[in-house]
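All chains, full assembly: derive it from the sequences and hints.
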Amino acid sequence: MRLINYLAGLALLTPQLGLAQDTCTNRGDLDNQYCDANKDLVADTPTAPAKQKTPNTLVFTYTPVEDPAVYEKIFKPFTEHLAQCTAKRVVFFQVQSNAAEIEAMRAGRLHVAGFSTGPTAFAVNIAGAVPFGIKGYADHYQGYNLMVIVKKESAFHKLTDLKNKKLAHTSPSSNSGHMAPLALFPKEGLTPDKDYKVIFSGKHDQSVLGVRSGDYDAAAVASDVFERMVHRGEVREDEFRVLYRSAKFPTSSFAYAHDLEPKFRDRMLKCFYDYRFTGEMQKAFDGADRFYPITYQKDYALVREVAESAGEKFNRAAYEREAAKAKK
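Per our numbering: the sequence shown = residues 1 to 328.
Hints in this document: simulated from the structure, not taken from any laboratory.
Some clues are possibly wrong.
As the list claims (entries may be wrong) - Dumping the calculated DSBU-like pairs for lysine-lysine here, alpha-carbon to alpha-carbon at most 35 angstroms:
#1 LYS313 - LYS163
#2 LYS158 - LYS197
#3 LYS151 - LYS187
#4 LYS283 - LYS248
#5 LYS166 - LYS197
#6 LYS152 - LYS194
#7 LYS263 - LYS76
Stated by the list, open to error - Pair ranges (Cβ atoms, derived):
#8 ARG236 - VAL70: 14 to 22 angstroms
#9 LYS39 - GLU239: 42 to 50 angstroms
#10 ARG236 - ALA138: 43 to 51 angstroms
#11 VAL242 - ALA138: 37 to 45 angstroms
#12 ASP139 - ASP161: 36 to 44 angstroms
#13 ARG321 - GLY108: 43 to 51 angstroms
#14 LYS194 - ASP215: 16 to 24 angstroms
#15 ASN26 - ASP67: 20 to 28 angstroms
Don't be surprised by glycine CBs; every beta carbon is placed ideally from N, CA and C.
Okay, structure coming up:
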C-alpha cells in the first residue's frame, strides 16, 4: 500500500502548463514555473504581489523518514511557538512519503517543511522549496553518514560480499538511501543494479528493521536515523555490523515555499532562528538545540556533487526515471 501511495504521489508531479515565467532569464534545473534570475539555485519569490501568499493557516511537516506521528508529537512545542510567534494557526501535516511531501509543497498545500537530504534537492527543483536551516548548535549544523548495515552474525564483512544479495535502498529521492550508494559503491567494488538488484524499502527505519528480521541481507541507511532508533530502544546496536561509512553529509533541511510574502516569510524565519529546542527535542535530535541558518547553494554542494558524479541531476527527469525503477 505504501508503494502504491508513493507511486501515486509521483504521478501527481506533472508539469503545470502555462505557469512558466516567460521573462525568466535563468532557471537551471528548476521546473518551468519557477525562475532563478539571481542564480542562487533556488526559486525566486514571484514579483507580482498577487502571486505572493500570506496563509491564514501555516502548514508544517517533517520528513517521513520514520513514523510521522512520532514527529508530530516531538515538534508540538515548536509548532505552538510558531503559532504564537507568527499570529497564525499552525497545523502539522502528516505525509507518508517523500513524493507526497514534495507534491504538497508544489501544489501549495505545504508552506514550510523538513526535507530529507536527497529530497531537499528534488523539492528545490520540482516544488520551489527554499532551504533556510538545519538542526544544529551555536556554531555548526548536524550531519550524518551513509552506512551499510548487516546482522552482526552474518557472513558479510565488506561491501563486495554483498554481490547478488538482497541490499535495501530506501526511496529513489533519498541521498543516503539511494543517490549516494549509486555514486559511492562502485568505487568500493559494488555497483547497484549490476552486482545486486536494488530493493526499495520505502523508509530508513523499514530498512533497518528489514535487516534485523532477515528480509534484507543489508541496507544503506542514514546514520542519524539508525542512531535515533537505537536511542529509542527500537533496535540494539549490537544486533548489527557496519560494513561501510561515508564522509559527512548535511542532514535534513528546513525549507519554505518560494511564494510566501516576503515580510511574512522573514517574520516566520526569525521565529525559527530564535527558537531553542525543548529537552525532548534535543534528546530526539542528538543534542541539537536550534535551527542553524544555511543556504542551498553552499551547504548542499556535496549532495549535488555526489549526484552529478553518478551522472544524475535533481530534476524532474531524474526523479521520474528513478520512480520508474521503483515501480518495476
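Hint check:
no. : hint                                : result
1   : LYS313 - LYS163                     : holds, 27 angstroms
2   : LYS158 - LYS197                     : holds, 18 angstroms
3   : LYS151 - LYS187                     : holds, 23 angstroms
4   : LYS283 - LYS248                     : holds, 21 angstroms
5   : LYS166 - LYS197                     : holds, 7 angstroms
6   : LYS152 - LYS194                     : holds, 25 angstroms
7   : LYS263 - LYS76                      : holds, 25 angstroms
8   : ARG236 - VAL70: 14 to 22 angstroms  : holds, 19 angstroms
9   : LYS39 - GLU239: 42 to 50 angstroms  : holds, 48 angstroms
10  : ARG236 - ALA138: 43 to 51 angstroms : violated, 33 angstroms
11  : VAL242 - ALA138: 37 to 45 angstroms : violated, 30 angstroms
12  : ASP139 - ASP161: 36 to 44 angstroms : holds, 40 angstroms
13  : ARG321 - GLY108: 43 to 51 angstroms : violated, 26 angstroms
14  : LYS194 - ASP215: 16 to 24 angstroms : holds, 22 angstroms
15  : ASN26 - ASP67: 20 to 28 angstroms   : violated, 40 angstroms
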